[in-house]
Amino acid sequence: CTDNFIETNQNPNQISDELLKQDFNLVGSPFSNMIFNLNGHQIEEDLCADNWMGYMGTPTDFVGNVNNTTYYIRWNSFWGREYGSVMSPAKQVIKLAQENNLPLFATWAKLIRILAMTKLTALHGPIIYSQYGTTANSIPYDKEADLYPLFFSQLDSIQTEFTANKEYTGFKKFDPTKYNGSIPSWMKVVNSLRLRLAMRISKVDPAMAKTQGEKALSDPAGLITTNADNFVNSLNGNKIPVAQICYEWDDTRMGAPLESFLIGLKDGRISKYFAPISNAALYADHPSVPYKGIRNGAYIKAKADHVPFSKVSEDFQTVQTRRNFTAAEVAFLKAEAGLRGWTGAGDPKTNYEEGIKLSFADWGAGGVDAYLADKTSKPINYVDPIDARNNFTAASTITVAWNESDPNEMKLEKIITQKYINTFTNTVEAWVDFRRTGYPKIPGVAKNDSNGDWGAIPADQWIKRMPFVTAERTGNTDAITDAVTKMGTGAKDDIATRLWWDTGKAANF
Amino acid sequence: NKKQINSRLAQEIKGTVKNGKGSAISGVNIVLKGATVGTITNADGAFSINVPDNNAVLVFSSIGYLRKEVAVGSQKTIEVVLVEDVNQLGEVVVTALGIQREKKALTYATQQIGGSELRQAANTNFVDALNGKAAGIDIKVSSSGAGGSTRAVLRGNKSLQGSSEALYVIDGIPMVNNKGAQPGSYGGTDGGDGLSAINPADIESISILRGANASILYGSQGANGVILITTKKGKEGKLSVDFNSSAVLEKVSGLPDFQYRYGTVGGDYSWTPVGTPEVKSDNYQKDYINDFFQTGSTFTNSVAITGGNANTNVYFSYANISSKGIMPTNTYGKNNFSFRQSTRLLNDRITISSGVILSSEVSRNRPGAGYYNNPLTGLYLFARDRDFTSYKNNYAVFNEARNMDKMNWYSTEEKQNNPYWELNRDPKRQSYKRLIANVKLAYDILENLRFEVRANIDYNNVLDDKRYAASGNSVSVSPNGTWAYARYTDQSVYTDGILTYNKSLGDFSLNALAGLSYQENKYNDGMTVNNGTVSLQYPNVYTFANMPYNVIFNSHPDYSNTIKQGAFANLSLGFKDFLFLDLAGRNDWASTLALTGNQSYFYPSIGGSAVISQILDLPKAISLLKVRASFSQTANEVPYNRVVPLSSIGGAGGPTGIGGINRPTQVPFTNLKPEKIVANEYGLETKFFNNRLGLDFTYYNGVSTSQFLSLAAPSGSGYTTYYVNAGRIENNGFELTLNAEPFRTDYFRWNTTINASQNNNKIVELIASNPNYQVGADTEGFASLIKAGGSFNDVYVYKFARNDAGQIILDKNGVPTKEATQTLVGNVNPKLLLGWTNNLSYRNFFASVLVNGKFGGVAFSKTEAFLDSYGVSKRSADARDAGAVPINAVTPEGATVTSIAPYTYYSAVGDRNKIMEPYVFSRTNVRLGQLVIGYNFKSKGANPVFKDASISFVGRNLFFFYKKAPFDPEQAMSTNNALQSTDVFGLPSTRSYGLNLKFSF
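For the record, the sequence lines run as chains A and B. For the first sequence, the working numbering begins at 1 and goes up steadily by one. For the second sequence, the working numbering begins at 510 and goes up steadily by one.
Be careful, since some hints might not be right.
To be verified - Here are the simulated PhoX-like cross-link-like pairs (lysine-lysine), alpha carbons at most 25 Å apart as the crow flies:
#  : chain 1 : residue 1 : chain 2 : residue 2
1  : A       : Lys505    : A       : Lys486
2  : B       : Lys789    : A       : Lys301
3  : B       : Lys1321   : A       : Lys447
4  : A       : Lys378    : A       : Lys349
5  : B       : Lys613    : B       : Lys577
6  : B       : Lys1085   : B       : Lys1182
7  : B       : Lys1271   : B       : Lys747
8  : B       : Lys789    : B       : Lys1031
9  : A       : Lys21     : A       : Lys203
10 : A       : Lys505    : A       : Lys464
11 : A       : Lys301    : B       : Lys1321
12 : B       : Lys1308   : A       : Lys447
13 : B       : Lys1383   : A       : Lys301
14 : A       : Lys143    : A       : Lys505
15 : B       : Lys577    : B       : Lys1182
None of these hints come from the bench; they were simulated from the model. Owing to the predicted nature of the structure, the values given are computational and were not obtained by experimental measurement.
Model the full structure from these sequences, guided by the hints.
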């Protein structure tokens, strides 16, 4: 008698689709997890863009002080998180939504997929997207020049479907963001994302960038313009990674480049980002400001050396949400769009100052008026009281105050620098801006361990991309070979090859 | 007066010697008691011998039979019947399903070991005691001390992602052996297994059925071979009581070589970088590592009572083990009760029997291995210039800010703790409450036809409770402490019904059986919770109520429930007692294959044997010559819940907190098939010189195909994992047992046995379309991989980058560079296993010596790699004394370098991810595995106070004749597939010695 075999071989601690249909959990419940996984943790963020962009520095000599932070790739796992925890469940949700006649959930899942893939392509360049989920033996990668138009056209249809269903309330129970399932709020995300992507390609394909940027600026659904509109999602009961890595593992601290900007520009957000330290010997170079950061790609002799440096602010220990897209970022995008002459962008100065005000308000920092008016304070040089090899001289000489007579390049540096400071804890886009524009002017790594294994980065350069993941290199070899050719002539699957929109041209205009 | 007797042998006595079945026994030794001369029986079992007078006593002995003394008296002819001795390398062995068979009728290899031999050295775990005593079994014992798990593999590793370990069977019924978690590089503790519940004193004998051929009647689960345990039963006759007590001490025998002369410039490493003055003193503390370990002790006391009458017999035993390990605070205790009874009814046509084993085990602070929460990391790596005594005495310091104790340690490294904080503030408890109960009814329907039905329940209640105090290591312990708790049960219900028919018709004999079996195993049925580094609500309170809200109480992640139904039949035909044919077949229905259409599967076995010595006229020196061959196919079931898994709750969670839905991202595997193993074996069994020399040789080969393999699904597929049936793994090798009795007099006996085996493993193919597919991954500098073209558990590490001339390439700073990829440096499995057992007796003295050798393969020590990079190894100090490390290297400019600064060298090798080449050692080792010396007290008089008593000295792992690895490769950090022959801060090797006392009346 084998009648009970099917039931026996199913785990009673798991849930069947039949039970999940109740309360529409079948299509709705995976969203929380998918949106949570738009962001990574220590090895995907803290030891990658957080470090490369100088937001955070690690006091730990991981793998003998030879690791991602010193340009030797040890961890490369954002890819796996996005395909495993976003793309794969999204594919199922789209199918189930169609089968169960709940098509808007499919629309929503498609938007989440684009949010995930636009972050992932910013790391690797070509990714698997248009052919995703097919049963071919070797699934090809999309080249970036094809990806972006596809993203834009998919955003078009998403927006069309949302527009027709603005009053729909079915998302409410499943929405882990503060939008509470409001479709008009998600429509602002669509427009803001379109603007973000348009700006990414503004140097490599200015025409398409302008068309799409102007479309985003003029769409009646509007952009994320107030902090109440911010795309902020629940941490689902988890600590925000920077707090856990900092307070529980002692593996991350304030970054020296950000110290150079925040202290130099007398930025009130410093106390919202970081915790002061008590050992005055450590910050003797600026005795009135009790913070100290760690250099990007620092020389680390022993973990204990840099552990006493500034942690992230205690506030992060209890924070329940994290930022994915803020009104301040939109304002800075509009400021740059204004410099680029896109219709509907508005005045760059207004947007620039609005961005800073939104950011100060969002982070709860004071003193924004004085900050905006400051024409003299400049980024400071950095001193590592433990190891002088980590010292650097500030490359940037900008101030905060807008000066209409500045050349566009200087204006852009100010915009991107402020955009950079604002986007603390959500750093991938700052790495995009840096590769795209060269701003903010941060130092190179102190210790450069890049070599032929993953690609050599010259002393005056920075990491350009993440290699494709090992599983794909060994398991999808033909597609990888093809993907490398799609990155252009001379491209290699290494960290020194530029992405499509990273034109390598110093001039931004 | 011997001489007199020898000179006047007046009377001639004639007779025959037969076995219990009435067959003549040839080659039986017959001596006149007190004399050295004697004779042997001929092919018909007949003999003649001269004796001096009516007082003469004849002693009959033959391998496989109990010795018998016969007083001649006035008899001129004597008929002697010798009783078979199942404890010897006997003629009758226990085979599958508990069926006793004549060994010569078997068509496959088996080896039987008597319970007394297993108990000789007072092992707490009977599997450990098998080491070296049987051919072809590769045994690893967890280094975690008494109650730890074991790993026993017969004929090589066969299953890539399942287990290759043998099935354990008690009295014909499969036993639950669900192994707990095992340590990895990052830490963990041996979770024990189900075998420690068995009281070695209850074991009558163990039969090892090495191949799938022998075990086909167990179905899938027997595919890796079977270790059959036959327990002691009650015996008809007077009440008999056996006491057994042993006290065994355990001492550390193999610590790494440390240095205590060089200190640090601050920080964690006992190094001074090139260009900075040396920190060096002869006055650093030196003994704290030796002093840290204590002498372990294990006290075992057992009593067994048996008795019965013609219809009913009973067996009762109680055993207690009380042990403390070499690691302070580690203890283990076990209480074990066994009861068995058997009653014959209805003129002996019905036999009802039952058995119960109750066992309770508790182990506290079982030592683990790996980086995290392991006292040995902090102990070994301690910066030499610091004051260890103060850290030892003040492992906790009062923290005013928190109004509570905080760990006192100078390093904040993730892998370092104050060892004494770890011992005293991080209590761990594992407990097992086990019940194995069975009933059996046998009914002799006709004279030759018997029906048996039996049922068995095996139930184990497991608790695994680990607590880590607040203010400990911030990487692995939450600020308010960490609680890792698991409670679950393992349950197995087994029942079968078997019909047997035995008949002799003229020259032919027939043994037939057919049966049905049902087995349901539910493992890891329970819950786990672990707050990890998410803070408990209140410090140091380990209750469910104190768990933070965002921690999920999970059902055990390894929960499984499997049902297997089998129908089997076996037919053995014998011709004239010298030609045998064995046919077996089985059909299984496995629940793990539901929905695949492959849930029912059949597999056959065929074998034959011929006793050539009974067919042909062979030289007299050859007492027995038997050849055998056997071919079988077995199917191995697949893991639980792999066909169509459902969604689970957990992970990152829902919008309002925890408990999101994780959809399965595995490709449904609806065409899953059972794994297939084809096994062939060919054997030769001979005995020479009146059975005083015996040889049993087996060559086997096995091919495993349709392996169940999990693959990361291509990123673009829409899934994360998929499974395939693929691969081809070949194992072949030989097993050899050589038994000899070089000396035998009335007073002195020497029995010697050599067990040897070799297994060659080849991974012919895994996934044809994906030649780079591998099982296993790099665990920080060490990768134990299974790849096509290689062997199971090949070791890959980073070697020095060398030029074509073999010179190590230095970088521009003069630092040795490593190769871009890890390269193959060997295999962790030994090539050749050798065990040499000697049993000697002289009058009342007896001794047993076991030399155990494993040859070939590599061992890998990450411990040594760390000790070097931290500058605490003797090696690193010797290099500093010498001022340089000799090296054959070359600079980027092409200049040859012959020496290098020790700091530069050891900073480039060692730790966990650097150049690991220097840390790969030969795993070959030869040891004095066991030494027993004892004295038997003979009872005297008509009504002796006792029947039997002995006292013996026992020693285990006393010393190595040869060992190159810096640790004992057989004392395993993990008994899983991964991390074999690897040491990552595991417990040091130990030697044990003690006393064993036996007393029966």
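Results of checking the hints against the structure:
{"no.": "1", "hint": "A:Lys505 <-> A:Lys486", "verdict": "holds, 20 Å"}
{"no.": "2", "hint": "B:Lys789 <-> A:Lys301", "verdict": "holds, 20 Å"}
{"no.": "3", "hint": "B:Lys1321 <-> A:Lys447", "verdict": "holds, 15 Å"}
{"no.": "4", "hint": "A:Lys378 <-> A:Lys349", "verdict": "holds, 19 Å"}
{"no.": "5", "hint": "B:Lys613 <-> B:Lys577", "verdict": "holds, 23 Å"}
{"no.": "6", "hint": "B:Lys1085 <-> B:Lys1182", "verdict": "violated, 42 Å"}
{"no.": "7", "hint": "B:Lys1271 <-> B:Lys747", "verdict": "violated, 56 Å"}
{"no.": "8", "hint": "B:Lys789 <-> B:Lys1031", "verdict": "violated, 60 Å"}
{"no.": "9", "hint": "A:Lys21 <-> A:Lys203", "verdict": "violated, 47 Å"}
{"no.": "10", "hint": "A:Lys505 <-> A:Lys464", "verdict": "holds, 14 Å"}
{"no.": "11", "hint": "A:Lys301 <-> B:Lys1321", "verdict": "holds, 20 Å"}
{"no.": "12", "hint": "B:Lys1308 <-> A:Lys447", "verdict": "holds, 24 Å"}
{"no.": "13", "hint": "B:Lys1383 <-> A:Lys301", "verdict": "holds, 23 Å"}
{"no.": "14", "hint": "A:Lys143 <-> A:Lys505", "verdict": "holds, 21 Å"}
{"no.": "15", "hint": "B:Lys577 <-> B:Lys1182", "verdict": "violated, 56 Å"}
Comparing the model with each numbered hint stated earlier shows that hints 6, 7, 8, 9, 15 do not hold.
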